[in-house]
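There are 2 protein chains.
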Amino acid sequence: VTGEGEGVEVKWEDGHTGTYPAHWLHQRTFNNATRRTRHQLIRMERKYWDSCLLKDVPHAYFPDLMTSDAALLTWLETLEEYGFVVIREAPAEEGQVRRLTERVAFVKKTHYGEEFSVVAKPDPSNVAYLSGPLQLHADLPYYIYKPGVQLIHCIHQYEGEGAESQVTDAVKVARDLSQSHPHHYHALTTTPVDWWDVGSDKTGPFFKVLRLPMICTDADGEIIRINVSQPQRDSHFSVDVDMVAPWYKAMLVYHAMLTHPKYCIQFKMAPGMILSLDNLRMVHGRTAYGQQKQRGESAGQQQQESRSDKVKRHVEGCYIDWDEVRSRRRVLQYQLTSSPTC
Amino acid sequence: VTGEGEGVEVKWEDGHTGTYPAHWLHQRTFNNATRRTRHQLIRMERKYWDSCLLKDVPHAYFPDLMTSDAALLTWLETLEEYGFVVIREAPAEEGQVRRLTERVAFVKKTHYGEEFSVVAKPDPSNVAYLSGPLQLHADLPYYIYKPGVQLIHCIHQYEGEGAESQVTDAVKVARDLSQSHPHHYHALTTTPVDWWDVGSDKTGPFFKVLRLPMICTDADGEIIRINVSQPQRDSHFSVDVDMVAPWYKAMLVYHAMLTHPKYCIQFKMAPGMILSLDNLRMVHGRTAYGQQKQRGESAGQQQQESRSDKVKRHVEGCYIDWDEVRSRRRVLQYQLTSSPTC
Numbered sequence: 001v002t003g004e005g006e007g008v009e010v011k012w013e014d015g016h017t018g019t020y021p022a023h024w025l026h027q028r029t030f031n032n033a034t035r036r037t038r039h040q041l042i043r044m045e046r047k048y049w050d051s052c053l054l055k056d057v058p059h060a061y062f063p064d065l066m067t068s069d070a071a072l073l074t075w076l077e078t079l080e081e082y083g084f085v086v087i088r089e090a091p092a093e094e095g096q097v098r099r100l101t102e103r104v105a106f107v108k109k110t111h112y113g114e115e116f117s118v119v120a121k122p123d124p125s126n127v128a129y130l131s132g133p134l135q136l137h138a139d140l141p142y143y144i145y146k147p148g149v150q151l152i153h154c155i156h157q158y159e160g161e162g163a164e165s166q167v168t169d170a171v172k173v174a175r176d177l178s179q180s181h182p183h184h185y186h187a188l189t190t191t192p193v194d195w196w197d198v199g200s201d202k203t204g205p206f207f208k209v210l211r212l213p214m215i216c217t218d219a220d221g222e223i224i225r226i227n228v229s230q231p232q233r234d235s236h237f238s239v240d241v242d243m244v245a246p247w248y249k250a251m252l253v254y255h256a257m258l259t260h261p262k263y264c265i266q267f268k269m270a271p272g273m274i275l276s277l278d279n280l281r282m283v284h285g286r287t288a289y290g291q292q293k294q295r296g297e298s299a300g301q302q303q304q305e306s307r308s309d310k311v312k313r314h315v316e317g318c319y320i321d322w323d324e325v326r327s328r329r330r331v332l333q334y335q336l337t338s339s340p341t342c
Numbered sequence: 001v002t003g004e005g006e007g008v009e010v011k012w013e014d015g016h017t018g019t020y021p022a023h024w025l026h027q028r029t030f031n032n033a034t035r036r037t038r039h040q041l042i043r044m045e046r047k048y049w050d051s052c053l054l055k056d057v058p059h060a061y062f063p064d065l066m067t068s069d070a071a072l073l074t075w076l077e078t079l080e081e082y083g084f085v086v087i088r089e090a091p092a093e094e095g096q097v098r099r100l101t102e103r104v105a106f107v108k109k110t111h112y113g114e115e116f117s118v119v120a121k122p123d124p125s126n127v128a129y130l131s132g133p134l135q136l137h138a139d140l141p142y143y144i145y146k147p148g149v150q151l152i153h154c155i156h157q158y159e160g161e162g163a164e165s166q167v168t169d170a171v172k173v174a175r176d177l178s179q180s181h182p183h184h185y186h187a188l189t190t191t192p193v194d195w196w197d198v199g200s201d202k203t204g205p206f207f208k209v210l211r212l213p214m215i216c217t218d219a220d221g222e223i224i225r226i227n228v229s230q231p232q233r234d235s236h237f238s239v240d241v242d243m244v245a246p247w248y249k250a251m252l253v254y255h256a257m258l259t260h261p262k263y264c265i266q267f268k269m270a271p272g273m274i275l276s277l278d279n280l281r282m283v284h285g286r287t288a289y290g291q292q293k294q295r296g297e298s299a300g301q302q303q304q305e306s307r308s309d310k311v312k313r314h315v316e317g318c319y320i321d322w323d324e325v326r327s328r329r330r331v332l333q334y335q336l337t338s339s340p341t342c
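As they're listed, the protein sequences go chains A and B. Going by full-length UniProt numbering, the first sequence opens with residue 1, and the numbers climb by one from there. Going by full-length UniProt numbering, the second sequence opens with residue 1, and the numbers climb by one from there.
Errors might be hidden in some of the hints.
Copies of the same chain are indistinguishable here, so a pair counts whether it falls within one copy or spans any two.
Subject to a maximum C-alpha distance of 20 Å in a straight line, what follows is the list of computed SDA-like cross-link-like pairs (lysine to any residue) [claimed, not checked]: (1) K312 x E81; (2) K312 x A92; (3) K55 x A219; (4) K249 x P192; (5) K202 x Q335; (6) K262 x D69; (7) K202 x R98.
Just so you know, the hints here were simulated from the structure itself, not pulled from any lab data. From a predicted model like this one, the values you see are computed outputs, not experimental measurements.
Given the sequences, and given the hints that come with them, work out the whole structure.
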């Protein structure tokens, strides 16, 4: 024990001497309380929600996020806890997702590039570029390093009926499924599914395939990632034939729950609104719009329609990795509250 | 069965009719052979190795990689199988890791930026910027999305003694450890370790923390990731106190094996050489060089030394995600051999 009684001096076998202050040692005590504090620093605890959340959707204001570190921190904490924050009052023009991302860290690039615009366009490499309905899904399920957070910025909204956004906490639904239909939950957490995307976009040709269950859990059984995206499910299903039917049954029950009004919130984005979403946890979708909605036309007719300029809807998006989002959250917590310990 | 007998026409309950060619159905048969083919497309099988490999280190030639798609494919396949390929005859100047990366896909950015130079420098944010020995390690163990592949390009090599590179197949060693010391293997695959990096670099301040075992396995017990990096192991160790001593014992045995000449290959990079490494599987290091090597000086003296211009060693590196590397490998396989099936 040191002279002032506020530390311990240790002489090690190799001759090295180290002095360890009491408060430093205390922070490193091997007990549950210390472990919980550290755990909360690493990952904040998730708060699960269903559509009751719609009464009080977590939200933030773009101008605040761009100017106030405290507002930025609150947004990042809320995003980590709820997996979903609506941001209002961004300028309704391109470049805002990059501006916001650079307040946090930097863009995660994928084979769709850095920022990507979602507008109805002919000969698309992705179903999002059609004006038909976009079923609830998570983006890029075929990435081992699936982007963690996505920003979706509404620049121009379709003014007719439709084009409403849908968001569901797919981890909350999975947890409820594990209670109500444990055998379905078991099928969805253990049956490997082939996820798939082949085409060409900004970065050239790509050929992505990955085999992962729809609901991925870690060694402790905690849900770490949801993979849902019907168009990106491979026509190859690399399982024993007797696993096929039980898996489809389970998937249909899970899908029905995801889209059920008990869980799914639905609203129309106004220009200048940005959705920020945890892409490992949430699923999102969009109802049909334009003539596609009104007439239920075929894909061919839909392409013609999008070539004409009648359907105007423009959304810009990009991704940020959770590694960078959490790092920024910790830096801000340290700077603003001095709470995390190094 | 269709008229030509080469397919099956199915009328579905909802009125939709689909015709499925026999060869398409055959590729999707629910059996082990089909599954294996698909598995090899997703991830090629790893070939494990020890230092006997030194007799015939997997290698490629930079000019070939830049001009021949066949050479590029062979390199990517070998990298996926062996986790390590030495590339020769790159120009000994900056910018080559980016050129090579862009032949594959694009750079994965981290808080150290895109390309990063490793030169001895004062007041470094990372131990790699010192001229002392760099113990065997994998890069960025505190990233959930740990970069998958790294390129290390030697631009200027220290001409005196030392500065030799070391590379070990840490997955091979872990597998051998599971046979020779199962209780140590158990400790290293189940004890969560806090990995840590706090500082500031090109992208501003960062505060990374992650809790993961040193050897990470998936649900089938297969090793998917190795985390080794002494300087980036947190001084917080968030476990029960009775797990501490067994973990340290196991870690020391594993480290001794990693550095043992049976497993570790050691060689000096020539200017123009690029190491390509699987950062989820390999560990790499570098012996000390300069006055640090000759006199065994302290860190303070070492900084002074690096301020003087006596120590000249310059290495440039960057990362690529396995998602993009495997995607490019599949695109090339498809283009050059038509072997993978969509």
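Results for each hint:
Neither within a single protomer nor between protomers do K312 and E81 lie at most 20 Å apart by alpha-carbon distance, with minima of 34 Å and 48 Å respectively. Within a single copy, K312 and A92 get their C-alpha atoms as close as 14 Å, which meets the 20 Å cut-off; across copies the closest is 51 Å, which misses it. Taking the shortest Cα distances, K55 and A219 never come within 20 Å of each other, neither inside one copy (35 Å) nor across copies (39 Å). Within a single copy, K249 and P192 get their C-alpha atoms as close as 15 Å, which meets the 20 Å cut-off; across copies the closest is 36 Å, which misses it.
For the homomeric pair K202 and Q335, the shortest alpha-carbon distance between copies (19 Å) is at most 20 Å, but the shortest distance inside one copy (38 Å) is not. Taking the shortest alpha-carbon separations for K262 and D69, neither the intra-copy value of 35 Å nor the inter-copy value of 52 Å comes in at or below 20 Å. Taking CA atoms no more than 20 Å apart as the test, K202 paired with R98 passes in both settings, with 17 Å inside one copy and 18 Å between copies.
The structure shown violates the earlier hints numbered 1, 3, 6.
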